[in-house]
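**Student:** Under UniProt numbering, the first residue of the sequence shown carries the number 1, and numbering increases by one thereafter.
Among these hints, one or two may not hold up.
Cross-link-like lysine-lysine pairs, in silico, DSSO-like; alpha carbons within 27 Å at most [said to hold, decoys possible]:
# : residue 1 : residue 2
1 : Lys85     : Lys23
2 : Lys90     : Lys23
3 : Lys23     : Lys72
4 : Lys74     : Lys85
No lab work stands behind these hints: they were computed from the structure.
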Amino acid sequence: MSVISLPPHQGVAVSYGYIGSMKTTPGHRDDVVDILLSGVDGLREAGCDLYVVSVSDTDDVTIWVSEVWQSKEKHDASLQLPETKAAIGKAMPMLTGEFTSQEVTVLGGLGL
């Protein structure tokens, strides 16, 4: 087995990334997607560079969200906004409580 050595990312801006999934109760995936997408207008001002909500044609209860933020602090602050809290409160009754999450360091890519 060979090991690939990557060069250090000198001079590259580093961002905070969050990748998560949530499971909805049957029949509510599209409702939750609508809620998640309803607040995108203010995300850029809050420090979000990328916000993607995805679903699969073969799984009708799971939603994936990929986010890139200027910093973890800006992401955390966005969760305290009144509109974010209201959206979470509206979506929670339609969720099963099954979540996954992964915090990542974003080094670059297309669309950033």
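**Student:** Run every hint past the structure and note whether it holds.
**Tutor:** Here is what the structure says about each hint:
no. : hint           : in the structure
1   : Lys85 to Lys23 : holds (19 Å)
2   : Lys90 to Lys23 : holds (15 Å)
3   : Lys23 to Lys72 : holds (24 Å)
4   : Lys74 to Lys85 : holds (15 Å)
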